[in-house]
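Asker: Sequence:
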Amino acid sequence: MMTLFSRLRSVVLPLALACAACPALAAGDVAVEVKNESEPVLCAEKDNVTIKAISPEVRRFQIEAAHPAYNAGLLRDNWDADWTDCEMKGDPSFAAPVPPRRVTFYESIDYWLVGYTFPTFWRPADTTFRVGDRVEKGLHLVQLWKLGKDRSHELLVVYPQDGYWRARPMPPQQLASSAYGSSFLFGPIETDGRPVVNIKEIEFDPKTTTFKLSFKDGSSGSLKLDSVDENRMVLDAVLDKPVTGGKGFVALRSMYVTEFNNDVARIAVREPGAKGWREEPLMPFIGGKATDIWMGRTTHSRHNTSSPDMVFRNFSKDPNPPVVPVKK
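Going by the numbering used here, the sequence shown opens with residue 46, and the numbers climb by one from there.
Simulated from the structure, these hints should not be mistaken for lab results.
Check each hint, because a few of them may be wrong.
In silico DSS-like links for lysine-lysine, alpha-carbon gap of 27 Å or less [said to hold, decoys possible]:
# : residue 1 : residue 2
1 : Lys261    : Lys286
2 : Lys252    : Lys286
3 : Lys245    : Lys182
4 : Lys320    : Lys261
5 : Lys257    : Lys269
6 : Lys257    : Lys286
7 : Lys334    : Lys292
Values in this document were obtained by computation on a predicted structure and should not be read as measured data.
Generate the whole structure from the sequences, applying the supplied hints.
Answerer: Right under this line is the structure:
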């Protein structure tokens with residue numbers, strides 16, 4: 046017998062996937078290599094999920110964070126950390142170059158940036174953050190906040206010293222806020238005990254809500270907040286040149302312990318020439334070629350229940366945005 050949830054899933058998930066992707070491949074779209082480097086763990090606070098996108102051609106694409114299909118009926122959330130079976134004693138620790146602090150270093154009516162320096166971090170704090178003439182050093186976390194209808198919301202965070210980002214839409218109407226879950230990496234991905242992106246400097250342009258990134262290998266890129274509402278956030282990602290040498294240029298980092306304790310559980314890819322999406326559990330996914338990659342959940346998890354699904358899509362060789370036809 047088909048339950049209400051199964052009926053909703055059969056309708057909502059395909060629609061969500063269809064909305065996340067273009068209805069047809071445009072000229073210049075690139076199929077990227079999707080590589081699964083995930084490994085099983087027992088600790089829910091360790092990022093054991095790694096899905097990389099690799100291509101020696103891509104210069105432009107989009108990153109989307111969208112509320113899961115079940116969020117419309119979600120009345121209770123769970124953000125609590127789960128340290129069961131976790132052992133973190135082997136992690137490196139570097140003292141901060143400045144005393145711990147919290148600083149608001151850009152503020153307008155609609156947006157503001159808040160930075161934090163922690164007592165220690167697992168990497169040295171040598172990445173700088175710039176807004177106009179103001180330069181902040183030693184920040185371990187930077188938050189982008191946006192004014193909503195009746196309160197402010199934290200939408201996007203970056204850890205400048207290891208290149209990890211987290212994104213989420215404005216919360217749905219029935220929730221005061223929603224959880225972060227999966228992280229993503231953007232730029233030339235290296236390995237330093239775990240996947241990282243080595244950033245020399247981040248510059249924020251308030252006029253265009255764009256983060257301009259100077260990577261330590263001499264290349265550069267940008268992340269622009271294209272749109273955000275109560276359904277999804279869309280980021281436009283541009284690279285000054287493709288990431289070569291078999292390195293990933295974008296990756297999802299997340300956690301999966303069980304089907305009921307995870308931040309991501311399933312993956313769907315749109316393969317070139319296929320008539321439909323290939324959808325399956327994430328952990329055994331063997332990889333492949335895809336023009337669109339969806340990673341998320343279709344059932345409730347007890348860990349960060351409201352956290353968003355993530356989509357990587359619209360991969361292109363052309364760094365310029367597509368021309369939008371003018372309506373007559």
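Asker: Hint by hint, note whether the structure agrees.
Answerer: Results for each hint:
1. Lys261 x Lys286: Given that 27 Å is the threshold and the Cα spacing comes to 14 Å, the pair holds.
2. Lys252 x Lys286: 24 Å, holds
3. Lys245 x Lys182: Holds, at about 11 Å.
4. Lys320 x Lys261: With Cα atoms ~41 Å apart, Lys320 and Lys261 exceed 27 Å; violated.
5. Lys257 x Lys269: Roughly 8 Å between the alpha carbons, so the hint for Lys257 and Lys269 holds.
6. Lys257 x Lys286: 14 Å, holds
7. Lys334 x Lys292: Measuring from Cα to Cα gives roughly 15 Å; hence the hint holds.
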